[in-house]
Structures are given as C-alpha cells and as structure tokens.
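Asker: Now for the letters of each chain:
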Amino acid sequence: MTNVGAVQKEKQKGAIARYLERNRATDNNYLLKRDISRIFVGLFTTILLFGLCFLILQPLFHQFSNSIMSRDDLFDPTVMSIPREATLDNYRLAMELMTYWTSLFNTIWVTAFVAVLQIIACTLVAYGFARFDFPLKKFWFACVILTVLVPPQVLRVPLFLNFHFFDMFGLMTLINGEPLMLTNTLSGYLLLSATAMGLRNGLYIFMLRQYFRNMPKELEESAWVDGCGKLRTFVQIMLPDAVPMLVSCFLFAFVWQWTDGFFNSMFLRGYNVMSVQMAALGDTFNFHYIRQIAAITGTHGAAPPIALMEAMISTGVLLGIIPVIIIYLFAQRFFVESIGQSGIKM
Amino acid sequence: MVKPSAKPKRGLTMANKNAISGYIFILPFVIGFIAFMAYPLYQAIRMAFSRVWLIPAESTFGWEWTGLANIERAFTVDADFTEAMVVEILAMVYMVPAILVFSLFIAVLLNRKFAGRGFVRAVFFLPVILASGVLVGIETNNSLLDAVSQQIQDQNAMRAGITGVIETMMENLVGGAGIGEFFEYVLEIINQIYSIAMASGIQILIFLAGLQTINPSIYEAASIEGATGWENFWKITFPMISPMILVVVVYSIIDFMVRTDGEVMEMVYVQMSQMGNFGYGSALAMIFFVAVAAILGLCGLIISRLVFYYD
Numbered sequence: 001m002t003n004v005g006a007v008q009k010e011k012q013k014g015a016i017a018r019y020l021e022r023n024r025a026t027d028n029n030y031l032l033k034r035d036i037s038r039i040f041v042g043l044f045t046t047i048l049l050f051g052l053c054f055l056i057l058q059p060l061f062h063q064f065s066n067s068i069m070s071r072d073d074l075f076d077p078t079v080m081s082i083p084r085e086a087t088l089d090n091y092r093l094a095m096e097l098m099t100y101w102t103s104l105f106n107t108i109w110v111t112a113f114v115a116v117l118q119i120i121a122c123t124l125v126a127y128g129f130a131r132f133d134f135p136l137k138k139f140w141f142a143c144v145i146l147t148v149l150v151p152p153q154v155l156r157v158p159l160f161l162n163f164h165f166f167d168m169f170g171l172m173t174l175i176n177g178e179p180l181m182l183t184n185t186l187s188g189y190l191l192l193s194a195t196a197m198g199l200r201n202g203l204y205i206f207m208l209r210q211y212f213r214n215m216p217k218e219l220e221e222s223a224w225v226d227g228c229g230k231l232r233t234f235v236q237i238m239l240p241d242a243v244p245m246l247v248s249c250f251l252f253a254f255v256w257q258w259t260d261g262f263f264n265s266m267f268l269r270g271y272n273v274m275s276v277q278m279a280a281l282g283d284t285f286n287f288h289y290i291r292q293i294a295a296i297t298g299t300h301g302a303a304p305p306i307a308l309m310e311a312m313i314s315t316g317v318l319l320g321i322i323p324v325i326i327i328y329l330f331a332q333r334f335f336v337e338s339i340g341q342s343g344i345k346m
Numbered sequence: 001m002v003k004p005s006a007k008p009k010r011g012l013t014m015a016n017k018n019a020i021s022g023y024i025f026i027l028p029f030v031i032g033f034i035a036f037m038a039y040p041l042y043q044a045i046r047m048a049f050s051r052v053w054l055i056p057a058e059s060t061f062g063w064e065w066t067g068l069a070n071i072e073r074a075f076t077v078d079a080d081f082t083e084a085m086v087v088e089i090l091a092m093v094y095m096v097p098a099i100l101v102f103s104l105f106i107a108v109l110l111n112r113k114f115a116g117r118g119f120v121r122a123v124f125f126l127p128v129i130l131a132s133g134v135l136v137g138i139e140t141n142n143s144l145l146d147a148v149s150q151q152i153q154d155q156n157a158m159r160a161g162i163t164g165v166i167e168t169m170m171e172n173l174v175g176g177a178g179i180g181e182f183f184e185y186v187l188e189i190i191n192q193i194y195s196i197a198m199a200s201g202i203q204i205l206i207f208l209a210g211l212q213t214i215n216p217s218i219y220e221a222a223s224i225e226g227a228t229g230w231e232n233f234w235k236i237t238f239p240m241i242s243p244m245i246l247v248v249v250v251y252s253i254i255d256f257m258v259r260t261d262g263e264v265m266e267m268v269y270v271q272m273s274q275m276g277n278f279g280y281g282s283a284l285a286m287i288f289f290v291a292v293a294a295i296l297g298l299c300g301l302i303i304s305r306l307v308f309y310y311d
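So the protein sequences, as listed, match chains A and B. So that you can map any letter, position 339 of the first sequence is 339 in the numbering used here, and since no number is skipped, the others follow by simple counting. So that you can map any letter, position 272 of the second sequence is 272 in the numbering used here, and since no number is skipped, the others follow by simple counting.
The set of hints was computed from the structure by calculation and includes no laboratory data. Among these hints, one or two may not hold up.
Beyond 10 Å from chain A on every Cβ pair, some chain B residues (computed) [to be verified]:
1) Thr76
2) Glu83
3) Ala84
4) Phe114
5) Ile166
6) Pro216
7) Glu231
8) Ala294
Covered by chain A, per the in silico footprint, the following chain B stretches (three or more residues, Cβ under 8 Å) [what the hints assert, rightly or not]:
9) 12-22
10) 63-75
11) 87-101
12) 121-134
13) 190-203
14) 265-279
Partial chain A-side listing against chain B, Cβ under 10 Å, derived [to be verified]:
15) Phe40
16) Phe129
17) Ile293
18) Ile296
Here a beta-carbon is modelled for each residue, glycine too, at the ideal position from N, C-alpha and C.
Construct the complete structure from the given sequences, taking the supplied hints into account.
Answerer: Dropping the structure here:
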C-alpha cells in the first residue's frame with residue numbers, strides 16, 4: 001500500500017514539477033496566470049449562477065415549507081422554514097377546496113386541445129406570411145403585432161360584451177333570431193383559438209414566421225416543380241422540418257394557457273380550470289374557515305389568520321403548477337434548439 | 001380542333017395564384033381579426049370618448065358621446081394618473097436596460113460548458129411559468145390579504161433591502177452627504193434583482209438561442225490571433241447578437257408595460273371593474289397605450305440603426 005501511495009505521490013510531484021517547468025518555458029508566467037484566472041472565473045460563475053438559481057427557487061422553497069407545516073408550526077415564531085412536524089393536512093384541504101382531481105383532468109384536456117388548435121392556426125398563418133406575397137400583407141401583419149401590443153385590460157369589457165351577445169354584423173340574429181352567448185362556453189374559446197386570436201397568439205405567429213422564413217426556399221421550389229401542390233408542400237415538406245419550433249410554441253401555448261387568468265375566467269369558468277381555482281382559493285378558504293368557525297361557536301365565524309391563509313395559498317399554487325413544471329422541465333431543451341434555428345431577427 | 005394546351009393563356013397569373021394561396025393560409029387570422037378583434041377594438045376606442053354606464057336590468061351599456069372629456073379629465077383633473085404614468089415610464093427606463101444587461105450576461109454564462117448546466121438553464125427558464133398569468137401577485141389576491149398587503153409593503157419598503165446596510169455604510173463614510181445618483185441607481189437595481197430575474201426568462205432564452213447561431217470558428221480564429229475573452233465579447237459576440245437586442249428590447253418594453261401589477265394597469269382595472277367607469281378607464285388605457293407605442297417606435301428606430309446584420 002505504502003509503495004503504491006509513494007509511487008502516486010512521486011507521480012503527482014512529477015506532474016506539478018512538469019507543469020512548473022512548462023510554465024517557466026512561457027513568457028511572463030503566462031501558463032500559470034492563465035490557469036489561475038480560469039479557475040477564478042469558473043468559481044465566480046458557479047457561485048453567481050447557483051446563487052441566482054437559489055434566488056429564483058427560494059419562493060418555491062418557502063411555499064413548500066409553508067405548505068407542509070401543521071397549524072402549530074405556522075403559529076410558532078421559532079419555526080422558520082423547517083417544520084417540527086410535517087403534515088399533509090394542507091394538501092388534503094386544498095385538494096378538497098379546489099376539487100383538485102376533476103379540475104386537473106379538465107385543465108389538462110382543455111388546455112391541450114386549445115393549445116393544439118392555436119398552434120395549428122398560427123402555423124398556417126405564419127406560413128402564409130412567410131412565403132407568399134399578397135396585397136395588404138403589411139397591413140395584416142401590423143394587425144398581428146397589434147394583437148400582441150394591446151393590453152387585455154383595455155379589451156376586457158368590449159370583448160366580454162362582444163362575446164356575451166355574439167352577433168357578427170347581425171349575422172347571428174339573421175340565422176338564429178337572437179345573438180349567441182359565447183362567454184362561459186368552451187366553444188367560444190375554441191372559435192378564438194382556431195382563428196389565432198387566443199392568448200399571445202400574435203407572438204407565436206411572429207416566431208413561426210421567422211422560422212419558416214429562414215428555411216431554404218429551394219426545398220419548396222423543387223417540390224413545386226415536381227408537381228406538388230401548395231398545401232401538400234406545406235404539410236409534407238415544411239412541417240416535418242419545423243417540428244422543434246412547433247413543439248416549443250406548443251409548450252409556450254400550453255404553459256401560458258394553464259396559468260392565464262384572462263381568457264380562462266372569461267370562457268372556461270364552468271370547467272373549473274386550474275388558474276381560476278388557484279386565483280379563487282384564497283377566498284374559497286376564507287368562506288370555508290368562516291363556516292367552520294361558525295359551526296363550532298354556533299353564532300358567527302371569524303376570518304382565518306394570515307399565516308393559515310398564506311400556507312393555504314402556497315399549497316394551492318404548488319398543486320396548481322407542479323404538473324406544468326414537470327412537463328416544462330422535460331421539454332425545455334427544445335426551446336433553445338428551435339429558437340436558435342429560427343434566427344429571430346427584425 | 002385546337003387542343004386545350006394550345007389555347008391562348010387565360011386565367012390567373014403566377015402572382016395572382018400566389019396571392020390567393022397566401023390569403024387562404026392567413027384566412028384564419030383574417031376571419032378571427034374581423035370577427036372577434038376589430039369590433040372590440042373599435043368599441044374600446046369609442047368608449048374612451050364616451051360616458052358609458054351599465055344598465056343592469058337589460059345587462060347592456062348606455063353610451064353618450066363626450067368627445068375629449070375623458071382625456072381632459074385624465075390630464076387635468078385626475079391627480080394620480082399623470083404621476084403614475086410618469087413613474088411607470090421612468091421605471092421602464094431603468095428596468096428595461098437592466099433586464100437587457102442581466103439577460104445577456106446570464107445567457108453568455110449559460111452558453112459556456114460547466115457541470116450542472118442543464119439544471120441551471122431549466123431554473124432560469126422557470127420564470128416563464130412563475131411570472132405569468134394568475135401567479136403574479138396571487139398571495140395578495142384575495143379579500144383578506146388585500147387589506148393588509150399595503151401595510152406589509154410599507155414595512156418592507158423601509159431600507160430592508162439587500163443593499164440597505166451598504167448604503168448606510170457608504171453614507172457614513174462620506175459623512176452623511178448622500179452617495180450620488182449613480183450609486184443609488186446601481187443599488188436600486190441590485191435590490192430589484194429578483195424582479196429582474198423573474199422578468200428575464202424569455203429574454204435569456206432568445207439571447208441563448210442567438211449565441212448558439214454564432215459560428216465557433218470565428219472565435220477560434222480570433223483566439224489564434226491572440227484576442228482575449230473581453231475582446232471576443234465586444235468584437236464578435238456583441239455585434240453578432242445585436243439583432244436579438246432589438247427583439248429583446250421590444251419584448252421587454254411590452255412585457256413590462258402590460259404586466260398586470262403595473263400601477264397604470266391597476267388603475268385601469270380599478271376604474272373598469274370596481275368603479276364602473278368604463279369610459280374613463282378605457283381612456284386611461286388608450287393614453288397609456290399611445291405612450292407605449294411611441295416609446296416602442298422610438299426605441300425601434302434608434303436600435304435598428306445600430307444593429308449589425310452579418311448576412
């Protein structure tokens with residue numbers, strides 16, 4: 001053993017000596033200086049990046065530790081982040097109040113359905129803008145940008161009115177005898193999605209257009225010369241090459257649709273989608289608590305203490321976003337790849 | 001009989017055919033825009049110039065054209081609006097450059113090879129989820145916490161930031177004479193680092209993607225010629241990435257301005273949803289929107305002149 005150790009030591013010594021010798025051969029200790037500065041830069045980068053990671057993750061850690069605390073721990077000022085007795089009570093209650101499993105199931109299929117529709121529509125539109133010349137092209141593209149630019153707060157009331165009494169230029173009254181009510185129906189939002197008017201669809205159109213624009217034109221030209229129609233060229237030649245970009249646009253659409261409060265509360269309230277449930281959890285818990293206290297005292301209830309409320313909301317947020325975070329972690333590597341290929345430029 | 005192919009050419013030219021297929025492809029958008037967007041947009045603009053009130057019995061609105069009264073009120077009567085708008089625009093003036101620098105810096109770091117890169121990248125993209133939709137400000141978004149949140153914010157606003165101690169120390173060093181505007185600005189940004197990190201998810205992604213399109217052989221050639229990392233950054237990376245800077249600036253400005261917890265946006269929301277002043281709320285939003293569009297146009301004009309296109 002000692003023999004082996006000695007040999008290794010000898011070898012190491014040899015390595016260091018050789019390194020120093022190589023260093024001496026360079027001007028001005030160049031090698032040593034370079035390697036030391038490399039080590040320092042590496043150390044600095046690591047500390048900085050992992051520190052910033054902690055900064056981003058810290059609220060999640062805080063929410064997690066809040067969510068597994070029992071009531072005693074929540075009220076105990078000596079308990080900061082690690083609970084004395086971990087419990088899943090908060091999760092049980094939050095799941096009950098959010099009707100978790102039904103809303104999870106509903107949210108998954110509704111969101112996926114809507115996101116697929118949006119991406120199909122956006123891809124078609126983006127391809128049209130990328131490859132064809134037609135009159136008023138600039139005008140229509142400006143309209144695309146406009147849909148991204150105008151904040152939804154401005155359109156909240158007019159949009160609601162428009163969909164609550166949906167009557168496209170009197171067409172619906174003509175057919176139906178009365179305007180259609182599209183708010184609070186899935187079909188209303190499906191219509192919006194199929195016509196590329198959903199959440200941030202202008203952005204997806206922009207990204208996909210850049211992607212298609214950067215693809216070589218020769219591909220389509222040769223397909224066209226061989227007698228391939230426009231639609232077939234699009235489906236068989238262009239789409240397969242655009243898969244990474246389509247996947248990342250789909251992921252953006254899925255994730256943002258999942259957390260969105262604007263369209264979800266206008267159209268999909270009836271489906272108990274996750275974002276609506278998450279946003280309402282504070283008030284739901286409030287009523288639940290007041291009712292519980294009232295049942296005990298027999299007279300009147302009391303609002304829940306802030307610590308409890310915070311723990312409940314933390315639990316709800318975690319429950320609500322864990323599914324998307326899991327999907328996202330697996331899929332995020334597509335993002336860099338595909339956006340890199342699109343070469344987004346203006 | 002003449003064969004059909006020998007007939008004089010009739011029908012559509014190539015360009016016309018192209019135009020028709022182009023319109024067929026963008027048809028979904030055209031229909032959607034006309035059916036769902038154009039009318040609400042028109043109504044929002046009309047609201048800004050009218051007095052609008054709810055008629056609950058018929059669940060419709062009453063309209064009265066008032067011309068520029070709403071806009072006049074916003075600038076001359078309302079004490080809060082102009083101030084909020086100026087504050088918001090000033091905040092943008094320092095937040096957007098900070099986001100730009102931060103995301104470029106992080107993207108350059110994330111582009112290097114190191115252990116745990118996949119994990120770090122995933123974490124830096126997390127704000128795409130965490131800072132979106134209902135998750136923004138969800139902690140205070142209920143009737144109970146809404147009441148106390150202002151109090152909590154006031155307490156936190158007192159020099160409890162990361163740099164509060166440094167600021168006090170520096171002030172003591174120079175004998176309590178204040179530390180100069182530049183340092184205040186830097187310290188302010190350091191205090192805002194969490195907001196900046198949360199606002200830079202997509203921007204880091206765009207820069208990272210841009211960095212990966214740069215041909216590595218350019219760097220190779222430069223380092224053989226003896227260029228240092230610093231020179232590499234300013235002479236290769238920065239010019240090559242400059243088209244992305246334009247995209248990032250435009251995206252950041254829009255994202256910052258229309259975020260739901262912005263002061264002006266909150267004002268619009270309060271006017272529209274809580275006080276029922278639909279006309280006035282709409283007018284505020286329109287004024288703000290015009291201001292943002294002007295800033296965007298200006299930034300776009302300036303930056304697009306400085307952008308370097310490799311190809």
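Asker: Against the structure shown, which of the earlier numbered hints fail to hold, in ascending order?
Answerer: 4, 10, 11, 15, 17 and 18
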